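Residue-level listing of the chains:
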Amino acid sequence: MYDIAIIGAGVTGCAIARELSRYQAGICVIEREEDVCCGTSKANSAIIHAGFDAKPGTLKAKLNVEGNAMMDTLSKDLDIPFVRNGSLVVCTDEQDASELERLLEQGKENGVKDLRILDREALHTMEPNLDDHVTSALYAPTGGIVCPFHMTIAFAENAVANGVEFFLNTAVTSITSLEDGYLISTDKQDITAKTVINAAGVYADVFHNMVSSKKLHITARKGEYQLLDKSAGTHVSHTIFQLPGKMGKGVLVTPTVHGNLLVGPTAEDTDNKEGINTTREGLASLSEKASHSVKNLPMRQVITSFAGLRAHEDNGDFIIGEAADAPGFFDAAGIESPGLSSAPAIGVMMARLVQDKMHLTEKENFIATRKGILRPEALSLEERNELIKKQPAYGNIICRCEMISEGEILDAIHRPLGARSLDAIKRRTRAGMGRCQAGFCSPRTMEILAREVPMEMTDISKCGGSSQFVYGYNKEIQEEMP
Amino acid sequence: MKSYDLVIVGGGPAGLAAAVSAKENGINDILILERDKELGGILNQCIHNGFGLHTFKEELTGPEYASRFIEKVLSLGISYKLNTMVMDISHEKKVTAMNRKDGMFEIQAKAIILAMGCRERSRGALNIPGYRPAGIYSAGTAQRLVNMEGYMPGREVVILGSGDIGLIMARRMTLEGAKVKVVAELMPYSGGLKRNIVQCLNDFDIPLKLSHTVIDIEGKERVTGVTIAEVGTDGKPIPGTEEYYSCDTLLLSCGLIPENELSRSAGVTLNPVTSGPVVNDSLETSISGVFACGNVLHVHDLVDYVSEEAGIAGANAAHYILSGNTADACNTNSQHSDASVSECSQPSVEIIPTGGVRYTVPKYIRPEAMADKVTVRFRVGQIYKNCGIATYFGDERISFRKRPVMAPGEMESVVLTREQLTNCPDLEQITICIEEA
Amino acid sequence: MEKRELTCIGCPLGCSITVTMENAEILDVTGNTCKRGDAYARKEVTHPTRIVTSTVRVSGGTIPMVSCKTKEDIPKEKIFAIINALCGITVPAPVSIGDILVQDVAGTGVDIVATKNVPAKL
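Protein chains in written order, with my numbering: chain A, -1 to 480; chain B, 15 to 451; chain C, 17 to 138.
There's no promise every hint is true.
[Stated by the list, open to error] In silico SDA-like cross-links for lysine to any residue, where the CA-CA straight-line distance does not exceed 25 Å:
{"#": "1", "chain 1": "C", "residue 1": "Lys92", "chain 2": "C", "residue 2": "Cys103"}
{"#": "2", "chain 1": "B", "residue 1": "Lys124", "chain 2": "A", "residue 2": "Leu379"}
{"#": "3", "chain 1": "B", "residue 1": "Lys193", "chain 2": "C", "residue 2": "Ile105"}
{"#": "4", "chain 1": "B", "residue 1": "Lys107", "chain 2": "B", "residue 2": "Gly281"}
These are calculated hints, taken from the structure and not from any lab test. Only a predicted model underlies this, so the values are computations on that prediction, with no experimental measurement involved.
Please model the complete structure; the sequences and the hints are all you need to start from.
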């Protein structure tokens, strides 16, 4: 029996796993997908919010500000790409500027530092591509951008280094309470644990409701995004939010930590918890909405679009804690925006709640740091050649758009929780994430994966399950030939 | 740092022909840098026939066509490096490249020929809504998997876009046992060659739906189906025309984009219409001594024209190197002045594309320095019937050539002679346009 | 009298050709711009032919597949028979362009020849 089983290997589950791995306990994470970071954690704004958005007194407000403050240390310890690029909430001449003052006050009350309101002149020097109708903005220097994949993977890898087990490709089918814990049935094996932590994103209500009569209800709220080529990556340098108004909540325009430009999200409730499809209307609305804050957006430079599902709970706040009528069953539910920003603090909070209950002993040999995949582009010419001499794979470029070498892909495959699909390699190395969207590198990456794991080419998939790329050899599927 | 007289970036049809030509024009110190494991470029995966009618007066397959040039490169003793990625080209013609054996290395070149080819437009760039499952391939990626690696990427196929690679793949997948259900084309005309419609679609009763596009992709893990709809003249889907096709594969053949990341970082001026460098009649870019040819310059319809163009680039690069005189070359400082070839110290005449002509290659002609004959190639923006190509020197129409049918999928050309230009000493601009016959 | 409209596949020009026929007899061919077009049209309305290109597996070579074609054009209705005849064939490396991989494929009297050089793997 495990001491603790965590359901869901998104950023929340992985952050919790990493915090709990400080203690002497048997911990596992159960994830239905073939990799960590496959749900909401992979499809969001990739923002570390400053924390002025949520109402004072809510968990969202508290954990966002705390999580944000943790990012400087965390990004160094766990080697997570993170930049405090600062954010702006812009107000146009048609909007009520007093709303900015309200946000400023709210932010101060939440404990956000260095907030201030900037006028048109200051803004246009900072961001020359702001729309001409922008008159003022709330500036939050503590706002940041992060790689959500690396953040989740970093938590997960560090948790593994500290003894946490991951059951991937394992879907929870039911949870029943036992005398001293819970029986978690899955499509693979049964798992028992004294404590269960529910970090299942849009499915958190389903699992909670299996053990508790105090029902939760989570709505999947779809957000669609468009990602622009790196050639558009400097169109703005801060994260540009819109002041909510007549036009609705608005969309953001932000550089990403890897140098692309991201536009989104839409907000559309859906009853399909698997509905991560983009829509014609959704995508079309993005450029129109974004044009209210940023001018001349080069939307012809779009390289991909995607959609994510926010896990919106009816009460609107995060639900973090032990279920009232299910002792030992803890929820981290309703984790929608600012969930990514809050994840580090959710991890700490959940670990404390569990610790209060279980009285675990802290490890003496906890490993607090983790190294990410080596990026040769950060090396000098001499260092790089030294590396290639030792490991020639670093001299072999596989992804021409992002200039990712075979060495980086090998690292992604062979490290803890190693990549077993093309999407998993992509999230770890960026191979296939550039402007040609894997057209060039996918056959090459498939070959490497087949050789290294090793696995059959016909088993190599985009993202596990039945997402294989090829069906067999030529001239083998010809039974139905005319 | 190593140095070479001429570095050619890319060992596909353009790079090979350029190398042969440069060698035959007196340059011995040539290096071809190729990122793949063999020379020949995209031709290696184009196993169908139809290449070389112009060049060799016989119909060859892609690999056969490539081998003719590879044999020449080998017999001429031209050096090349395979599995080598060019990482950067500087304005001063320093080439940074990398491979497993040599690591990252720099080469100083006297002249450079850009021959990097092009890439395919991806699903993301097309803004097709829906899920993002496996089973969506650009036609060229599927072609590589089937023809080079020997794997079948699907059983039931829908193809979006009627570019030549898409048409060729419709036949190829059919012959390998897949069922190609339909080819949908957004435009009211095909983007591919007519012969390919006949022998790749009609021969196998594969329907081609013009003015249709994919408006939805289904399937969370692998494609399970796509929805196709007719589009109106505004390019938007017409409600009520939706048709669902169950399939496991969607191939995209929706256009090619010259691959000019290296050119851009070197500071080469690009033409927004072609996405390729702006060049003069010698195929020299805005950087003196940097030439371009093949699909990196503009997307060609036939490899024969690529070879011809590359031969010209190779010869001109050779002359540039042998003249040893870069004094009269075009604005070496273009990176800073944002200038294009027009500001060349040698007088040049600009060619203005208009009236249906989308662009011209070259864009500038130097009457004093040009060859006796220069072929100006271009594409038209729509289908023209019973029209012709008119060339104006200033306001005067100096030529008109009737063309019964012109289509965007096929390149057109006009030949200008040195004699014509030197007879008009005050010529300021040349206009090429489509006019009714 | 019957008129048949064809698109010539002889070269990229893709000329629109009209063949005028009476019963099985060709009376006239118009629209072609070269002799190849005339020949194509006459063949296409009587016994259409095609070049078939494909690949077969190579063993011991530097690459796994070698491309190939019918040395001459074959009757169009034989296309699938030829492809079926190529199933399961593996040829040993080295292979040179022009090497005969299959003789008299599917009883057409035409050979399948390699269109690519595949050296043996060292």
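Evaluation of the provided hints:
| no. | hint | verdict |
| --- | --- | --- |
| 1 | C:Lys92 / C:Cys103 | holds, 19 Å |
| 2 | B:Lys124 / A:Leu379 | holds, 23 Å |
| 3 | B:Lys193 / C:Ile105 | holds, 23 Å |
| 4 | B:Lys107 / B:Gly281 | holds, 11 Å |
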